[in-house]
Amino acid sequence: MNKMLGLIFAYSRYSGMRELVAPRTAASVPYAGRYRAIDFCLSNMVGAGITDVGIIMRDSYQSLMDHLGSGKDWDLSRKNGGLFLLPPFSYGGEQSHSGTFTGKLDALAGVTSYIAHSREPYVVLADGDCITNIRLRDVLARHIETKADITVVCSKLPVGDPARSIYYRFGEDGRIVGIDSHPERAQENESLGMFIMEKRLLQRLIQLGRAGDMVHFERGILREQLSSLRVLPYFHAGYVARLHNVAMYYRHSMAILDPAVREQLFDRNNPIRARVRDDAPTYYSDNAVVKNSLIAAGCRIEGHVENSILFRGVYVAPGATVKNSIIMQEGKVLENVFISHVIADKYVYISRDNMLMGNAAYPVVIAKHSTV
Amino acid sequence: MYGKKECIAMLLAGGQGSRLHVLTRHMAKPAVPFGGKYRIIDFPLSNCVNSGIDTVGVLTQYEPLALHAYIGSGQPWDLDRANGGVHILPPYMRSKSGEWYKGTANAIYQNIQFMEQFDPEYVLILSGDHIYKMDYTRMLALHKEKHADCTIAVIDVPLDEASRFGILSADADSRITKFVEKPREPESTLASMGIYVFTWKVLRERLIADENDPASENDFGKNIIPGMLKDGCRMYVHPFDSYWKDVGTINSLWEANMDMLSPKCPLRLNDPSWRIYSRNPASPPHYVAPEGTIRHSMVSEGCTIAGTIEASVLFNDVKVGRGAQVRYSILMPGAEIGEDAVVEFAILAENTKIGHGAQIGGSAIDPLGTKITVIAEGIALPDGAQVAPGTTLG
Numbered sequence: 001m002n003k004m005l006g007l008i009f010a011y012s013r014y015s016g017m018r019e020l021v022a023p024r025t026a027a028s029v030p031y032a033g034r035y036r037a038i039d040f041c042l043s044n045m046v047g048a049g050i051t052d053v054g055i056i057m058r059d060s061y062q063s064l065m066d067h068l069g070s071g072k073d074w075d076l077s078r079k080n081g082g083l084f085l086l087p088p089f090s091y092g093g094e095q096s097h098s099g100t101f102t103g104k105l106d107a108l109a110g111v112t113s114y115i116a117h118s119r120e121p122y123v124v125l126a127d128g129d130c131i132t133n134i135r136l137r138d139v140l141a142r143h144i145e146t147k148a149d150i151t152v153v154c155s156k157l158p159v160g161d162p163a164r165s166i167y168y169r170f171g172e173d174g175r176i177v178g179i180d181s182h183p184e185r186a187q188e189n190e191s192l193g194m195f196i197m198e199k200r201l202l203q204r205l206i207q208l209g210r211a212g213d214m215v216h217f218e219r220g221i222l223r224e225q226l227s228s229l230r231v232l233p234y235f236h237a238g239y240v241a242r243l244h245n246v247a248m249y250y251r252h253s254m255a256i257l258d259p260a261v262r263e264q265l266f267d268r269n270n271p272i273r274a275r276v277r278d279d280a281p282t283y284y285s286d287n288a289v290v291k292n293s294l295i296a297a298g299c300r301i302e303g304h305v306e307n308s309i310l311f312r313g314v315y316v317a318p319g320a321t322v323k324n325s326i327i328m329q330e331g332k333v334l335e336n337v338f339i340s341h342v343i344a345d346k347y348v349y350i351s352r353d354n355m356l357m358g359n360a361a362y363p364v365v366i367a368k369h370s371t372v
Numbered sequence: 001m002y003g004k005k006e007c008i009a010m011l012l013a014g015g016q017g018s019r020l021h022v023l024t025r026h027m028a029k030p031a032v033p034f035g036g037k038y039r040i041i042d043f044p045l046s047n048c049v050n051s052g053i054d055t056v057g058v059l060t061q062y063e064p065l066a067l068h069a070y071i072g073s074g075q076p077w078d079l080d081r082a083n084g085g086v087h088i089l090p091p092y093m094r095s096k097s098g099e100w101y102k103g104t105a106n107a108i109y110q111n112i113q114f115m116e117q118f119d120p121e122y123v124l125i126l127s128g129d130h131i132y133k134m135d136y137t138r139m140l141a142l143h144k145e146k147h148a149d150c151t152i153a154v155i156d157v158p159l160d161e162a163s164r165f166g167i168l169s170a171d172a173d174s175r176i177t178k179f180v181e182k183p184r185e186p187e188s189t190l191a192s193m194g195i196y197v198f199t200w201k202v203l204r205e206r207l208i209a210d211e212n213d214p215a216s217e218n219d220f221g222k223n224i225i226p227g228m229l230k231d232g233c234r235m236y237v238h239p240f241d242s243y244w245k246d247v248g249t250i251n252s253l254w255e256a257n258m259d260m261l262s263p264k265c266p267l268r269l270n271d272p273s274w275r276i277y278s279r280n281p282a283s284p285p286h287y288v289a290p291e292g293t294i295r296h297s298m299v300s301e302g303c304t305i306a307g308t309i310e311a312s313v314l315f316n317d318v319k320v321g322r323g324a325q326v327r328y329s330i331l332m333p334g335a336e337i338g339e340d341a342v343v344e345f346a347i348l349a350e351n352t353k354i355g356h357g358a359q360i361g362g363s364a365i366d367p368l369g370t371k372i373t374v375i376a377e378g379i380a381l382p383d384g385a386q387v388a389p390g391t392t393l394g
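Protein sequences, first through last, are from chains D and U. Take the first sequence: its position 104, counted from the start at 1, is 104 in my numbering, and no numbers get skipped. Take the second sequence: its position 385, counted from the start at 1, is 385 in my numbering, and no numbers get skipped.
This is chain U alone, in the form it adopts within the complex (with noise of 0.2 Å):
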């Protein structure tokens, strides 16, 4: 049915993110709006296509709704193709059974049968969790050179953060000598991106070995990889060392969306030469009233400022009224802020309504970090409305 494809890539989206709480109640992680008017998803899938990968399966469990009306024929990323494109893939009944995804590895092991279609020489996992900006050419190029059985990803992490990661040593041909996940006294500051180029044959294998193998947990990091090391398989590092961010919490959410406004970001979001693609709303250019004040701040289309915006990230249509200020936040598609009301340290989802002269969050910077406020999806709350700085809402 499709042509042989060289490589190709499968995307894990079926996570709930469950640290984002009430900001993926709707719908999973990858498809929680992030820079303005993104969605996670996007830099993965356009990293694909900007590395020359066409065919792209995307593995989908959890609240999945979102995330395949987003995708849809993949039009927006140039995912649809007559060979290869985008391919939605939730589990689904067999003849004899049938099962969620039990974990990364058994999500790949149950689409063994798509990706056999393509006749792949290599496969690439990722996941829909990341913020970043790749070319994974690059890491292929290296995984042949080596003759690598597997090559992972990797980036340089602070020694106290080291330990949230599956920690890796590696000797000066870059080969890996040592694999931990999450371990409690890191050996090193080099940490997996959950991003792997696997040669399909030994993948193939391993992930059969793997299902057939009552006592794993039929993950990556904590089943297939540390098995292939302890079995001698051929296993590289690939560095990476721009800007790469984990959006797994409601802080860190915030703090890449902050980031995003820096001129000194590395991952420009505006670069024509790796774009992030998205599904673009059909809304006109954005209006500034003449009472409004922008600064250090991005803006989507189809909204309309009369309001001071400060250090924000305003996704499509948002409205802000006459006198509203909004500092540090970030308002997703739609939401509407009252003339008066001051939106400090908070995120809006998509659709909510502030009433006027409301007091959403506050300036007060916790020791143990930021305290961001969460508004969900479709909340409207009334005139003179007060939510202290760290709630949710939802």
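Excised from the complex, chain D in its bound form (with noise of 0.2 Å):
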């Protein structure tokens, strides 16, 4: 079988997410209720049988350490293979550079001996912030039947911030041939930073990289040797969310409570793990009154909750009222208080009759153990 060595970059902090991501890592925010940004790039990666998973990591990675453990919950712990964590200064030596970086492929650089240990054939790149439901099994086939050198996920439509997005330009016969970093505006064709080649070509452009003293991957190594290389995109159809800035964070938040966009994201075949908690199911008393919400496990409400998606552990007092809102993992909202388009991080205690209102353009968020 033609099997993956996956690797998810994990490290991307975009100050644009403000107080969500002082904490974390893009990869570790708390999206959907019960997950975590790296849990869809990880399922997918499980989800086509691949059981070899490095995660690149930088700096502030204890929440990630905390959330990933031994991969187990993702049937990642493993004797052969299985998850590994990466984090900077992992090797030492003369071929591994050691110490932090600052582009992807600069990160790779430094995990040469992880790559080059691994026996499969192929690698995947994922970023791990990037959400998505895709069959990475039909990327690869792809890639084997099209004879590509890069296969490249991208989405027709524009999805991210552009200023932390990359595009790119095809030629006649359907090849990459031009890549636009960071532009001002939108593009069309735009990457998901999802990337699969043979893991020999993946070592071969690291040493170029090095060689040539280049720390990008997309803008920097690929953009070079797009003439001497055959790199395809594969158009990915299905809903993505990428969390460049918390108005994108609100907004593709509160897209799953489209049923339409919750089918595509937690496809039955290709389901999404989470981290167990073990929490009971969520209690709803004589009073509650839900209405279009997404409800994780654990949470009591006694209040009422409208367009909203609480975490595991929630708790709504009687009388308060959640109104577009996400809160997440152990919040507390107590008695009278009224809520709108607010983003509480985990473990926010809200107390008594407190009002707070943001809107969808600027929701107000509160920072992780805060108490209003």
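Keep in mind that a hint or two might mislead.
As the list claims (entries may be wrong) - Derived Cβ-Cβ restraints for the label pairs, each shown as a range:
#, chain 1, residue 1, chain 2, residue 2, range
1, U, THR391, D, GLU335, 43 to 51 Å
2, U, ARG19, D, PRO271, 30 to 38 Å
3, U, ASP135, D, MET357, 27 to 35 Å
4, D, ASN287, U, PRO281, 39 to 47 Å
Hints were generated in silico from the structure; no laboratory data involved. Beta carbons: idealized from backbone N, C-alpha and C, even for Gly.
Given two chains presented individually in distinct reference frames, assemble the corresponding complex, making use of the accompanying hints.
Below is the structure:
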């Protein structure tokens, strides 16, 4: 079988995400009631039969390590392979560059020993903060069928913040001939930061990059090699959420209230696994009123919840109203609170009679462990 | 092969639970779903782990496939251990003969070799029939303090129910003076919970003697306990006064599920200091549609609710269509309720499908108890179907 080694870049922290990335990286941001962004990427890999996954980290990775543990919740606690956490300074020696890094190519150069050690013939690179449900096995099949050197997954329509995104231009034969990075305005054919290639090719690119002092992957080595390599696109039509800033986080969170979006993200045949917390089912009291909301396990709802997303272990007291809001794990909303367009990070406590309102373009963000 | 363990647990999980009818047709009673995300066996297994007992033998016999698949490596209960952990113990062929587990005592007897691998001082005998949270370390401490041969967990039951249980009498020092299995005229209301701590050396001798007695039914309640008492063994009671419920009948299973909804129920499922572990499905959070209403209910992950839910327990991945009404019911994983259907006082087993506008069960309260309607696993009822209260389909 043609198997892949999975490598996930989990170190990005977009400043537009404000308080949400203060305690963590974008890949570790909680999403959709019980997940972290990286769960989608990990589950896509596990769903494609990948049993060897390396997570490339740089700083602020405590949250991520705590979340991933041994990888057993994703079935990645394996005797051969399994989950590997790759912080900077993982390897020493001549071959591996040690220390911190700025671009993806630079980051890969720090883990060449890990890549060399893997027995899989193919490698898939992915951004840990790109949320989508994709059959990577289909992408690999296409990659082999088209005899591409590199297959890049892209979205026809733009999804990300242009200042954080990369777009492709195609030649007449469908090959990628140009790469536009971080333009002022969004374009078509946005890169989803997912690449499949033979492991040997990746190793060669890393070597070339090191020789040429290049740190970036797409806007560095890939752009340089476009004329000599067959780089083909794989268009992914499923729902994609990118969390480049708080407004995007809010918009993509609210989107999951749409059944069509949920169906795409939570495809039963490619399940997304989350860290198991062993919560009891959610309890609704006699006075609970809940409309158009996504509710995780372990909550206790005694108030009014509308157009909202509640993570695990949230409490909504009698007389409290939660509208158009996202309350992360263990949030407590006490009596007679009214909130609308609020994103409350984990362990936020909103004491009685408070009123907080933001709007969709600028939601109120309450930092982790805050008391209001 | 293993290191010594002070105390190991043996969980009797081979019972059919015939009074649960269609719910146990393809699975042993301990595998029956309970409380919106659990199976009955999660309770004794979690109690073991939370009590620091990391070696559990699970004795299976009747329809064991669902149970074996569910327990797997024991990882959800943190019982995948290098030294100890959970071990599934079905009956097996020996070099000379092989036989089914004849009774509870015989089942343990047949696993003497298994237990001796751990060279235990004490053995805790449990059953997979009850919903309760109990710290077994306190019972074990009492057992040690009294230098007992056997300690039995007991609960005070109403006098009119006492004849359903093994009833004990004890002196002021908690020492057992009398034990009668299902007495017609009970002398006390202290009922055995079927939870025993034995000093292994004593139990081992007793099991061998019992096996050699052709007149014995090889049962703990009928033979081992009365025999030990007769011979003057040191036997004590360990009183328990919190929530404990046998879920051996359709009505008691339904009632115990309803109990979990009550804020006054002493057993709190969501107590982080004594979690009940279970195998978790990979389903997203549940979704309540704009037209959905949920009151006084428990809802698990993966559900989609567009109808009205009252006083009900919904397991994972249940779908309730627009205009449907579900009251006083238990909907097991994957059940689907069509639009405008009405489901009342019912237990719908896994993957049942109820057509649009169907009428399942009803609120008729019988003087002899609530009439619960039961629909067996995988049954699909057409649009407009009518199922009378108290019916069992399947």
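Tested hints:
1. THR391(U) with GLU335(D): 43 to 51 Å: Holds, since THR391(U) and GLU335(D) (Cβ atoms, about 44 Å apart) stay within the stated range.
2. ARG19(U) with PRO271(D): 30 to 38 Å: 36 Å, holds
3. ASP135(U) with MET357(D): 27 to 35 Å: 47 Å, violated
4. ASN287(D) with PRO281(U): 39 to 47 Å: Violated: the Cβ-Cβ distance is about 29 Å, outside 39 to 47 Å.
Checked against the numbered hints listed earlier, the structure breaks hints 3 and 4; every other hint is satisfied.
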